[in-house]
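Residues per chain, in single letters:
There are 4 protein chains.
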Amino acid sequence: MTYPKLRVGLIGAGRIGRIHAETIALHVPSAIAVGISDFNLSVAQEVAGKYGIPRVTTHSEELLSDTSIDAIVISSPTETHADLIIAAARAGKHIFCEKPIDLDLSRIDSALAAVEKASVKLQVGFNRRFDANFRRIHEAVAGGEIGTPHLLHIVSRDAEPPSIAYVKSSGGIFFDMTIHDFDMARFLIGDEVEEIYATGAVRIDPEIGAAGDLDTAVTLLRFRGGAIGTIDNSRKAIYGYDQRAEVFGSAGAIATGNAYRNEAVISTAREIKRDLPLNFFIDRYATSYIDEVRAFVDAVLNNRPVAVSGLDGRIPVAMAAAAYVSYKENRPVKLAEIAA
Amino acid sequence: MTYPKLRVGLIGAGRIGRIHAETIALHVPSAIAVGISDFNLSVAQEVAGKYGIPRVTTHSEELLSDTSIDAIVISSPTETHADLIIAAARAGKHIFCEKPIDLDLSRIDSALAAVEKASVKLQVGFNRRFDANFRRIHEAVAGGEIGTPHLLHIVSRDAEPPSIAYVKSSGGIFFDMTIHDFDMARFLIGDEVEEIYATGAVRIDPEIGAAGDLDTAVTLLRFRGGAIGTIDNSRKAIYGYDQRAEVFGSAGAIATGNAYRNEAVISTAREIKRDLPLNFFIDRYATSYIDEVRAFVDAVLNNRPVAVSGLDGRIPVAMAAAAYVSYKENRPVKLAEIAA
Amino acid sequence: MTYPKLRVGLIGAGRIGRIHAETIALHVPSAIAVGISDFNLSVAQEVAGKYGIPRVTTHSEELLSDTSIDAIVISSPTETHADLIIAAARAGKHIFCEKPIDLDLSRIDSALAAVEKASVKLQVGFNRRFDANFRRIHEAVAGGEIGTPHLLHIVSRDAEPPSIAYVKSSGGIFFDMTIHDFDMARFLIGDEVEEIYATGAVRIDPEIGAAGDLDTAVTLLRFRGGAIGTIDNSRKAIYGYDQRAEVFGSAGAIATGNAYRNEAVISTAREIKRDLPLNFFIDRYATSYIDEVRAFVDAVLNNRPVAVSGLDGRIPVAMAAAAYVSYKENRPVKLAEIAA
Amino acid sequence: MTYPKLRVGLIGAGRIGRIHAETIALHVPSAIAVGISDFNLSVAQEVAGKYGIPRVTTHSEELLSDTSIDAIVISSPTETHADLIIAAARAGKHIFCEKPIDLDLSRIDSALAAVEKASVKLQVGFNRRFDANFRRIHEAVAGGEIGTPHLLHIVSRDAEPPSIAYVKSSGGIFFDMTIHDFDMARFLIGDEVEEIYATGAVRIDPEIGAAGDLDTAVTLLRFRGGAIGTIDNSRKAIYGYDQRAEVFGSAGAIATGNAYRNEAVISTAREIKRDLPLNFFIDRYATSYIDEVRAFVDAVLNNRPVAVSGLDGRIPVAMAAAAYVSYKENRPVKLAEIAA
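In order, the protein sequence lines correspond to chains A, B, C and D. Take the first sequence: its position 313, counting from 1, is numbered 313 in the numbering used here, and each next residue is one higher. Take the second sequence: its position 327, counting from 1, is numbered 327 in the numbering used here, and each next residue is one higher. Take the third sequence: its position 28, counting from 1, is numbered 28 in the numbering used here, and each next residue is one higher. Take the fourth sequence: its position 17, counting from 1, is numbered 17 in the numbering used here, and each next residue is one higher.
I should point out that these hints are in silico values taken from the structure, not numbers from a laboratory. Any given hint might turn out to be false.
Which copy is meant is left open, because identical chains are indistinguishable; a pair holds if it fits in one copy or across any two.
[Claimed, not checked] The list that follows gives simulated cross-link-like pairs (lysine-lysine, BS3-like), each with its CA atoms no further than 25 Å apart:
#1 K273 - K236
#2 K99 - K168
#3 K5 - K50
#4 K236 - K328
Go ahead and model the full structure; you've got the sequences and the hints to work with.
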């Protein structure tokens, strides 16, 4: 069959860039990666060799000026995202960009304006929306299975804290970790948050506190429609990556558990037990990384709306900013204060 | 065997009073109910007849002045508790009193002072501490099974809202419903709360709002030791009484589910399902109502500390007051503001 | 209230006799125990003292000739059951008899004939029929929730093997242990078994083999209506008493788990675990021991059919005999060979 | 990287052949499919086009005589397997062959003799051994986690019966369906079966009976080491593909559940429920189809023993033959009768 394939350029060959390269090579027959760039040439070459990508460069501009390329996948460091989106939009490329777009709302706004002006598509990499568990909650709420939502509880705990170097450059727990849960909260409830109260603590590692960050946080969300949500974050769940949610509504509730390598239950003289859940986000969300890129390619090829828009990329950053102010000043903060 | 039995007088023959009468008659061989009082004589007579209680009266004073009575179980309306505690203490009776002691902290303090002066025992009826699930969490935390606690989440949802008449006289959701969860939070974490932020909504029934109350509430607790807790309350869980908790700590987590009438799982062409959880607090907490009275009788007969002290009765009232102020003023409130 | 109470005489004050005495004293307001007999007078006296039973004797005949007694509960050793049933029937008493009625079918037939002639009621103590889990399966099958039953699987494993002395006098695993499961199979499927194939092994304790018995057995049942069942037995499940069943049918399946002291799930660095199931049959089946006696008393007072008839007592003995022949001769055995 | 890849020829482009073609194209970087044959040329061409396989033919001999091909994957109809194994072995190709090798033991023996003579590797396609759930049981038993195995129970139920045409050519339920469970029984217990008793019924569709087959079967296995197993088979589980197992041993038990598309639990006014399990064997065993081919390629490239040997392919056929005789003659049948 000779339908046209979407021709993709990849910017960034780090951990996430590799995942996207593998996805396009193995799991998206309707796309082909034709070039990859990274500041580190040998890293780009290794990924290109592994997945048969013909063009390798250290200059992303070369991919942007390649008129044979239809779409760009941006997996470079966060501080480069906004400028790359602007450049790619001006070059007429459709864009898949890892989250966050930026930590600064005005830079996000510039990027979104460029996208709008160029009439290209932009999808932001909130991959968890494609996870089977969270998608099922979304469907239940959207489809009315549990009635009007009243309460939301998200548990989001990493298995291990990141390095202190990473913590220092991360923008803090609300921008780096809770941001996923802010997106998830909007996705699950299908409504916007109007007020946030956030608190937190340093419970895992004093070094994280010394770096000016928290490792434990609880955020309370008030949605416009009246639902109330809470988010539990910890940087270290000793039993492994813990990613769950529950929505309670007028007609019922839906709750998800973690993902496991097997379903075996072992009964011994001491306990009834099972093996630990999948411990690494790449294992837990393996399918969602594939499905988000499939959805993006599909949206471009068929000119359909993307699943996670530029605005979906902007709002969680505003929520993180509100949470940060709330924590610092120990008071509820309206999103209107931040995002006006 | 002819060991001495604790001779008990029961004040109040309503719903909870009957439970205590049945408990003493059937499940506490070391106690005997020798009298019961209620404003409504026929109600008291019916309970007395059913459980073989020889003395029936409409005047609780008669029981307090009966020198053959060792201990009093107070199940009368809340507004009578403090005065009855004071009178019973002065009469030298040990006291089991339903919660709350009172909604006014100064009246509670008067009652506790009377108890202290008389050197009698006072146990408050926070029965959920005796529930097997919550007790297991308490043991896990106290025994270090999950390390230092970092996060707590309590789900506490009724199956049906109370009558509007009840709502109007209840003191509001924080005093009437969340008060159990405030006690539970202290019991599970083994620490005191220093700051509370509470929010809420009317989601179930506008009549509840018209009565000046909420039917949905979320409360955030900061403990002295650094743990953070959230409490989800709703007056109406359509699938039934929903009472769960989870504590997350440095060495693991412990979470409990609801209680069910059976463990059967049914697979059909449409779903894999089980029957609804126990729907009524008297069914769900049947054993805990027995065990709290056993513990009280045991504490008196063996002169041991009671399981739920007068102070344990006072603090949740202060927490409810703080939550109420927090909700009204939409700001975090330190317990020291209230309970000083 | 002054409705007449059923006046009960208890024969046997051993482990099960005590349970029935406690049940009548505490949990069946419509019955009263007026006498108890045991070969061991002091044992009978102790139980009588504890539960306020006025008459104590070493001669069961005294209870049978007491015209004030309406019904007899037989909890004496198996070899006395048939004669006691006959004597009680002749004395016009209604009878609750522990299982098995006897290990010999002709003696059972004599007992049942006496019961029929006297027109008294006889209920046999297959208490597990009153367990909430097994009753739920029964209801699902009887009510058509899973369609026509095709397959049955029963898991029935003790926590600890009995003493070798007990093994020697027990009649063997099929008569002593599987007999419960034979009754359960009939109760769950609602049909009669026509052929049995049984096999077994000595896996737990060679002493049990030396005593001529098995400690592990698997029995395959063919029901008249075409359903097929298997029963897994072991004398020693190291994780505790294991009592489950599953019925699979044309419209679905229903399966039950074990019973647990609590619903807590603990996540640690090594596993996700819960505490062991209830380990002792008296804990696991506590409610069923109460409910079977309530049902018996109710059947007598209201002249309704008993829940577990004499024939229900006879058939599992025939099934055990067939299983034993099958095991000995290693061939399928038709029940008609045994029970004709 | 330029390590040599295993060059594979695919015989058969039907349902399973496509799965293997996709696996080699997408999931086994160390192998490459260089040719594919099928009686139906257009089917072979379609698969070749989709996965970039250069050579397409209707004659499998062309692949066998292609000296550039290292290994053959046989996914053609069962009756061709033995001859193809013999031809491939003579051509010096390593062989991956779908199960069963044949339904006739002497033809299997001829094939295995050819393999042995040619000193090539042969792996049989019992893919379920690579399923994470069953592998976990295998590891638990092999690693002593549950002590010495005493009892095994396998539930293996299809979601839908095959067509009557398929039933007629399938060799019957024991050869077509239970054969997987015979392999699984050996794999899980790590021991050989010495005696089988099988029974069955027509419960789902009288047409299956008219075709001389059963749609419901229960098989009892006695292992040499003393363990006893049962296998529950049905052609139609209305709630979906049902594939579970439990092994009980001296130190505990291990049991597995089904696989689900999500872990969401939904609470409604009527029940607590979850979505149905994965309904199709290709979904349920997707990963195992990949992992078995990876293991085969790895065994060839590194000259290691294959995971599922020719003998592993032969023994379940002998077990099916014994089960069939047992069913026909309604007696336990020793494997030695069949496989001598």
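Do the hints match the structure? See the list:
In this assembly of identical chains, K273 and K236 lie within 25 Å of each other by CA distance both inside one copy and across copies; the values are 21 Å within and 19 Å between. Proximity of K99 and K168 under a CA criterion of 25 Å is satisfied intra-copy only: 18 Å inside one chain copy versus 49 Å between copies. Taking the shortest alpha-carbon separations for K5 and K50, both the intra-copy value of 20 Å and the inter-copy value of 13 Å come in at or below 25 Å. In the homo-oligomer, the alpha carbons of K236 and K328 lie at most 25 Å apart inside one protomer (23 Å), although the nearest pairing across protomers, at 35 Å, exceeds that limit.
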